[in-house]
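Undergrad: Each chain, written out:
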Amino acid sequence: MDMPLIEARDIHMHFGHVIALAGISFTLEEGQVHCLLGDNGAGKSTLIKILSGVFRPSKGEYLVAGRDAGFGSPRDALDAGIATVFQDLGLVPLMSITRNFFMGREPVRWLGPFHVMKFAYADRVAREEMRRIGIDLRDPEQAVGTLSGGERQCLAIARAVFFGARVLILDEPTSALGVAQTSMVLRYIHQVRGKGLGVIFITHNVRHAMAVGDAFTVLNRGRVAGRFRRGEASIEDLQGLMAGGKELAELAEELGGTV
Amino acid sequence: MDESRITGAAPPPRLDERLGRINWAQRLMMRPDSGAGVGVVLLLVFFAFAAAGSGMFAADGIMNWLHVSAELGVVSVPAALLMIAGEFDLSIGSMIGFSGMMAAIPAVYWGWPVWVAILFAFALSVALGWLDGYLVIRTRLPSFIVSLAFLFILRGLSLALSVMLTNQTIISGVNRAAKGDWLAPVFGGQIAQPVFVFLAHAHLIGTYRDGSPLVSGIPMVMIWWVIIAAVAHFVLSSTRFGNYIFAAGGDANAARSLGVPVARVKVILFAATAFCSALLGIAQVMEFGSAAADRGLDMEFEAIIAAVIGGSLLTGGYGSAIGACFGALIFGIAQQGIYFANWNNNWFRVFLGALLLIAVLFNTLIRRRVTGER
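Those protein sequence lines, which keep their order, are chains A and B. Start counting the first sequence at 1; every next residue gets the next number (this note's numbering). Start counting the second sequence at 260; every next residue gets the next number (this note's numbering).
Treat the hints as calculated values from the structure; they're not laboratory data. Glycine included, C-beta positions come from ideal geometry on N, C-alpha and C. One thing to keep in mind: the hints can contain errors.
As the list claims (entries may be wrong) - Straight-line Cα separation of at most 25 Å, SDA-like style, residue types lysine to any residue; simulated pairs:
hint: 1; chain 1: A; residue 1: Lys118; chain 2: B; residue 2: Asp440
hint: 2; chain 1: A; residue 1: Lys118; chain 2: B; residue 2: Arg499
hint: 3; chain 1: A; residue 1: Lys49; chain 2: A; residue 2: Asp139
hint: 4; chain 1: A; residue 1: Lys118; chain 2: B; residue 2: Arg286
hint: 5; chain 1: A; residue 1: Lys118; chain 2: B; residue 2: Arg515
hint: 6; chain 1: A; residue 1: Lys118; chain 2: B; residue 2: Ile477
hint: 7; chain 1: A; residue 1: Lys118; chain 2: B; residue 2: Arg523
hint: 8; chain 1: A; residue 1: Lys49; chain 2: B; residue 2: Arg515
As the list claims (entries may be wrong) - Some chain B residues close to chain A (C-beta under 10 Å, calculated; not the full set):
hint: 9; residue: Ser293
hint: 10; residue: Thr428
hint: 11; residue: Ser431
hint: 12; residue: Val519
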């Protein structure tokens with residue numbers, strides 16, 4: 001097996017007296033979708049903030065391509081090819097798709113004192129990249145606000161991929177979406193994996209995780225509650241682990257069915 | 260288990276059957292400034308009847324309302340850019356009076372060469388605009404409050420300093436000092452005078468008794484309006500800085516997370532707004548030959564109103580420089596048109612308020628259309 005894209009060893013994170021992470025190990029390989037599951041407060045957010053350079057771990061090793069990451073800011077992580085798509089997506093609804101796609105990384109040429117944007121090129125790229133996802137734009141000048149939730153999620157992912165991400169961290173990309181929209185996003189995640197990128201897929205929806213995941217890490221109360229490869233665990237197993245087992249079983253009994 | 264796996268690549272792209280193709284007319288409707296453009300035309304048609312025979316559309320009449328529009332346009336364009344970036348500058352009007360004073364006092368009372376006094380006034384104004392922006396960024400207070408403070412400070416300074424240094428609030432005699440100065444005509448002069456002399460000789464425009472044309476030339480403030488509007492439109496629509504402006508006003512957090520220098524963009528725009536305000540203040544001083552501490556009163560509101568009428572959203576992220584020009588045109592046409600039509604000019608305020616209300620409602624509608632929100 002090749003060297004993993006990302007390797008975290010025994011990561012601890014303390015905020016004053018609060019122990020958010022108590023020794024978590026995690027690896028991500030090329031072409032792998034690694035699902036990070038856990039209920040609210042399990043430590044998912046803290047872990048991805050460490051992986052994306054927002055926090056430095058209190059203790060433990062974080063290696064990127066075998067070397068110590070030592071990120072001081074999200075910018076460092078981005079430069080190392082680790083792109084995070086947070087839930088707000090980093091899109092401006094009032095701006096055009098092209099302007100959003102290239103926001104902060106505008107293709108320019110000099111004209112006297114001005115950095116002129118190469119709009120013909122930018123429009124073409126935006127249109128092509130969206131077409132690759134299966135979204136035919138009427139017009140790359142249309143505002144992002146006119147896109148559906150799933151399309152926006154795909155746009156944010158496509159942007160990260162286009163600008164050279166090798167690792168994608170997706171923070172609950174399907175949490176606010178309907179069925180059709182979700183399948184659009186999951187299909188795109190599958191497509192991204194095909195290019196050899198590593199994807200960390202954060203979710204608390206076990207079905208969505210099962211649909212695309214190669215590996216699963218379940219967090220509970222700041223620790224790894226379980227680690228599986230595809231086919232090693234059932235939906236019920238994962239769901240039980242996420243909730244710490246007993247509460248959900250009790251609830252299922254109460255409601256007279258499965259949750 | 261494996262059948263749950265999503266298979267295959269993306270389906271071939273297809274047109275969503277629920278989306279019609281849009282034609283150029285619909286695309287025009289989505290522009291922020293088209294409403295104001297229509298407004299200009301309607302207003303012109305209206306006054307063509309309402310003020311028929313009043314001379315509003317003779318050469319000197321046109322020059323009259325274009326001059327009002329140009330003066331407002333010089334400040335409404337930067338106000339629009341600042342609004343798109345999500346900020347307000349309420350100190351525009353005070354800055355006009357202040358910069359005029361700062362050019363006139365050194366020129367008349369301290370004997371500075373006029374061009375030095377002009378550069379001094381510009382430097383001081385831009386520095387204060389920069390400070391205004393810097394304070395907004397550092398304190399994270401709404402620019403509404405910070406620039407409101409500047410409104411009072413600058414107006415107070417203009418009055419207090421002029422009384423302290425010269426014992427009066429109107430400084431005249433700038434025209435005498437500016438005679439032969441190389442920089443003063445760039446702001447207070449006229450161009451294309453021979454064209455108007457020729458037109459007068461050809462009896463195409465009206466003349467005084469002595470045969471000199473009623474309109475002697477195009478005032479430089481109009482030229483500056485065109486230059487400022489052209490540069491602003493180009494920056495906004497075609498440059499990276501333009502993208503930064505939209506991003507800063509649309510969602511500052513998203514912009515920052517993608518590396519857009521939001522703070523720098525806003526501070527630069529505050530300084531640019533101060534520059535344009537100073538330009539207008541200095542142009543008025545050079546044109547009229549005097550400075551008054553109360554010049555530019557209420558101009559900050561007029562500039563903001565013109566920007567809003569021109570399609571800029573009060574909440575930022577959307578708007579146009581051309582729209583702000585249309586807003587200034589509507590303002591000039593209506594204000595002077597009411598005068599030409601010989602109505603009580605108090606009606607102008609009623610008209611302006613009503614127009615502002617209509618424009619805000621219309622903008623909200625356009626924004627919903629652009630973003631697809633219901």
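Undergrad: All hints, please: hold or fail.
TA: Consistency of the hints with the structure:
no. : hint                   : result
1   : A:Lys118 with B:Asp440 : 43 Å, violated
2   : A:Lys118 with B:Arg499 : 9 Å, holds
3   : A:Lys49 with A:Asp139  : 35 Å, violated
4   : A:Lys118 with B:Arg286 : 21 Å, holds
5   : A:Lys118 with B:Arg515 : 22 Å, holds
6   : A:Lys118 with B:Ile477 : 36 Å, violated
7   : A:Lys118 with B:Arg523 : 23 Å, holds
8   : A:Lys49 with B:Arg515  : 17 Å, holds
9   : Ser293                 : 15 Å, violated
10  : Thr428                 : 39 Å, violated
11  : Ser431                 : 38 Å, violated
12  : Val519                 : 5 Å, holds
Hints 1, 3, 6, 9, 10 and 11, counting from the list given before, are not met by this structure.
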